[in-house]
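Chemist: Next come the chains, spelled out residue by residue.
Number of protein chains: 2
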Amino acid sequence: MPYFSQSVQHIRSSEIRDLMKLATRPDVISFAGGMPNNDLFPVEEVDHIMQNMSADVKKTAFQYGPTAGYPPLIETLKKYLKTKGLPVDTHRLMITTGSLQAINILGMEFIDPGDLVLTENPSFIGGIAVFKAFQAKLKGIPLEADGLDLSVLQQIIKTEHPKMLYIIPNFHNPAGIIYSRQKRKALLDLLRGTNILLLEDDAYNELYYDDTIKEMTQPIMSLNTEGVEMVYTGSFSKILGPGFRLGWLLASPEIFEKAQIIKQGIDACSPNFTQVIANEFVSQGYLSTYLDKIRNAYKKRRNEMDKALKKYMPEEVLWHQPKGGFYYWIKLPQNVDSTAILKDSITNGAVFVTGKTFDPQGKQNNHLRLAFSNMKIEEIVPGVKIISEAIKSHMLAVK
Amino acid sequence: MPYFSQSVQHIRSSEIRDLMKLATRPDVISFAGGMPNNDLFPVEEVDHIMQNMSADVKKTAFQYGPTAGYPPLIETLKKYLKTKGLPVDTHRLMITTGSLQAINILGMEFIDPGDLVLTENPSFIGGIAVFKAFQAKLKGIPLEADGLDLSVLQQIIKTEHPKMLYIIPNFHNPAGIIYSRQKRKALLDLLRGTNILLLEDDAYNELYYDDTIKEMTQPIMSLNTEGVEMVYTGSFSKILGPGFRLGWLLASPEIFEKAQIIKQGIDACSPNFTQVIANEFVSQGYLSTYLDKIRNAYKKRRNEMDKALKKYMPEEVLWHQPKGGFYYWIKLPQNVDSTAILKDSITNGAVFVTGKTFDPQGKQNNHLRLAFSNMKIEEIVPGVKIISEAIKSHMLAVK
Chain A
1 MPYFSQSVQH IRSSEIRDLM KLATRPDVIS FAGGMPNNDL FPVEEVDHIM
51 QNMSADVKKT AFQYGPTAGY PPLIETLKKY LKTKGLPVDT HRLMITTGSL
101 QAINILGMEF IDPGDLVLTE NPSFIGGIAV FKAFQAKLKG IPLEADGLDL
151 SVLQQIIKTE HPKMLYIIPN FHNPAGIIYS RQKRKALLDL LRGTNILLLE
201 DDAYNELYYD DTIKEMTQPI MSLNTEGVEM VYTGSFSKIL GPGFRLGWLL
251 ASPEIFEKAQ IIKQGIDACS PNFTQVIANE FVSQGYLSTY LDKIRNAYKK
301 RRNEMDKALK KYMPEEVLWH QPKGGFYYWI KLPQNVDSTA ILKDSITNGA
351 VFVTGKTFDP QGKQNNHLRL AFSNMKIEEI VPGVKIISEA IKSHMLAVK
Chain B
1 MPYFSQSVQH IRSSEIRDLM KLATRPDVIS FAGGMPNNDL FPVEEVDHIM
51 QNMSADVKKT AFQYGPTAGY PPLIETLKKY LKTKGLPVDT HRLMITTGSL
101 QAINILGMEF IDPGDLVLTE NPSFIGGIAV FKAFQAKLKG IPLEADGLDL
151 SVLQQIIKTE HPKMLYIIPN FHNPAGIIYS RQKRKALLDL LRGTNILLLE
201 DDAYNELYYD DTIKEMTQPI MSLNTEGVEM VYTGSFSKIL GPGFRLGWLL
251 ASPEIFEKAQ IIKQGIDACS PNFTQVIANE FVSQGYLSTY LDKIRNAYKK
301 RRNEMDKALK KYMPEEVLWH QPKGGFYYWI KLPQNVDSTA ILKDSITNGA
351 VFVTGKTFDP QGKQNNHLRL AFSNMKIEEI VPGVKIISEA IKSHMLAVK
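Same order as they appear, the protein sequences are chains A and B.
Counting from 1, one number per residue, gives the positions in the first sequence under the working numbering.
Counting from 1, one number per residue, gives the positions in the second sequence under the working numbering.
No lab work stands behind these hints, which were simulated from the structure alone.
Among the hints, a few may not be true.
For chains that are exact copies, the list does not tell them apart, and a pair is met inside one copy or across any two.
What the hints assert, rightly or not - The calculated DSS-like cross-link candidates involving lysine-lysine, where the alpha carbons are at most 25 Å apart (straight line), are:
#1 K258 - K137
#2 K311 - K376
#3 K385 - K331
#4 K258 - K363
#5 K59 - K299
#6 K258 - K21
#7 K21 - K59
#8 K58 - K376
#9 K21 - K78
All figures in this text were calculated on a predicted structure; none of them were measured in a lab.
Could you build all of it, start to finish, from the sequences and the hints given here?
Modeler: So this is what it looks like as structure tokens:
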């Protein structure tokens, strides 16, 4: 069967596309898009970089580059990732066309049709889509406030043979949580010797709101991973701009070699033009200043969300306050369905993404994802009010 | 079996990588890289575009865009492609991350393992790699001076059921030829009603050296394609820069819809940053001036190649003079092997890509590809001399 099959995937993507169209209407308050804020991009910094770029580097930007990435960017990134304790000297780094491409490459490298792939439940829709496209059997493991429910994982490992486990330990999309250090270690202990490939997607690593949280963001791959095969992915989308389409993967030389051949076949190399800029952005020190700025901006929004939710949501509605990232994952009262709330909210001018979108089985629908990253801050209160009202009226209907 | 399989593909890619490493050594004259000339990129034009870009457009450049592409670029490209007679009103246009991605998407959409895919022989190595990755059965149809050998194609259609035919009608890579108008029409006649998808890769469309040739470059998709399902692909790589990683595909709404879902899953969208620049480059009229410049520059190189080949090659060596594009496809005397010539040439300081690299079966090795696009023009004569000497000494050895 070709890669493309007429599946749930199809229906879902068009649902999401319709929602996103709605989300761009100026009269609609959108909590839908999981993307950086339009007004926070480092436009001036990049202008400055471009204006001071040497003619030789500019020419390089226009040309094909090595499949694994623009060599100066790889060196710059290695230094940067080393500060996070990542094993850049024993492993190899590849620049990918967004970190979604990295997940695709690993799918191509590892997944046979029918293979069992484990994800968190909820999980990133892009990851779910990739695994489905490669015809994996998917199983979602419940997320708790501090990470995966390891007892469920342990049970599955005992009785089945998963090929891969895909997780987002920092400022999870959509759940907003961060894994505790203890759980990270316990997860490695559980996987040790099982031959399950651990795929750590760390797209939100830098988006902690407080320095007290920074320590918790240390990647799982920086811990003692002996006996655990794993791949680490990251992205420039949240720390520079998704329009650059740049991500990376860090893997053992064996996994890297095959990944490089696959990448050669799918797009030859990632855009040199944006790689050259990204390299200057990090190596000239713009990144750290910029990160301070966006952490503050997203924290303000989180605080505004926090106030609004506490004030307007009925007490039966539950959530964990995010310590970084873009998302609130809101648990609805029993028997209240996320799609029904969405329909009412749309009528009153607010949109979000329903819970089942993030369930690998496409079923569980008692949550909603509120992305607060790319909306106007003054829209947070009226938006939360609209959704709260919709929930309240459905609670009455249920009673 | 996963997408990635341990195949010829593997060995080939590393061979090519080694060759490319050699090709970047300053003491080696390289006819190997099929890429635009480093010194011809429109660096100043793009600087100018960036400096005059509005703040709003700049912000857009940093953000995610629609999966099908940056809407203003799609509109600009539609106008541009309409001037080539392409059916942009009845078909739909998608921006892809290089045109190699377009071929991948179509592979994902159409190819089941074991499907028969027809290519030209020789053919573009990137296309061959994609079809192999999707486990197609490949058959190469000989190329003549004016296009495919249609009698061979007709025979195959009679006895087998090919899923797809992949061709490069303008300034072929590696063969350098251009299809005659008569052959384009005869090809459509032959395919009509057969259900074979025709994939027209037109990456070199604009690179004709003389206005008298321009008319011949009219895409097959602009002719009467009734009863033939086809997809047209193009690229910014040769008319702006490969570092932008931008290509496109033009297809029926049905093919487009599935392609869009596949693209959503593989990289979400192509780089908005480079799409925004490409749009300004074309819509502000820089493209046509730039094309005049590069056509002249590549023509000069072709003329230099022509003189050198005539002067130094033994008369048993044959070629068609290219009327556009980057390549000479040199036919060696009987019993002289391209790999043997390459080994000798490397010793004496010149590299190229061997003929078998472009054979879907990886066997036929009595040609060599000389790419003259990205070398110093003054290296052409000494480079051709080295290769000619190698050929002459092997001819002696064969006698």
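Chemist: All hints are to be evaluated individually against the structure, with a verdict given for each.
Modeler: Results of checking the hints against the structure:
1. For the identical chains of this complex, K258 and K137 are neighbours both inside a copy (23 Å) and across copies (22 Å), given an alpha-carbon limit of 25 Å.
2. Taking the closest pair of Cα atoms, K311 and K376 come within 25 Å of each other only inside a single copy of the chain (19 Å); across copies the shortest separation is 70 Å, beyond that limit.
3. Proximity of K385 and K331 under a CA criterion of 25 Å is satisfied intra-copy only: 16 Å inside one chain copy versus 75 Å between copies.
4. For a Cα distance limit of 25 Å, the shortest separation of K258 from K363 across copies, 24 Å, qualifies, whereas the shortest one inside one copy, 35 Å, does not.
5. For the homomeric pair K59 and K299, the shortest alpha-carbon distance between copies (21 Å) is at most 25 Å, but the shortest distance inside one copy (39 Å) is not.
6. When the C-alpha separation of K258 and K21 is checked against a cutoff of 25 Å, the pair qualifies only between copies, where the shortest distance is 19 Å, while the shortest distance within a copy is 38 Å.
7. Within a single copy, K21 and K59 get their C-alpha atoms only as close as 38 Å, which misses the 25 Å cut-off; across copies the closest is 19 Å, which meets it.
8. Taking the shortest Cα distances, K58 and K376 sit within 25 Å of each other only across copies (19 Å), while inside one copy they are farther apart (36 Å).
9. Proximity of K21 and K78 under a CA criterion of 25 Å is satisfied inter-copy only: 22 Å between copies versus 38 Å inside one chain copy.
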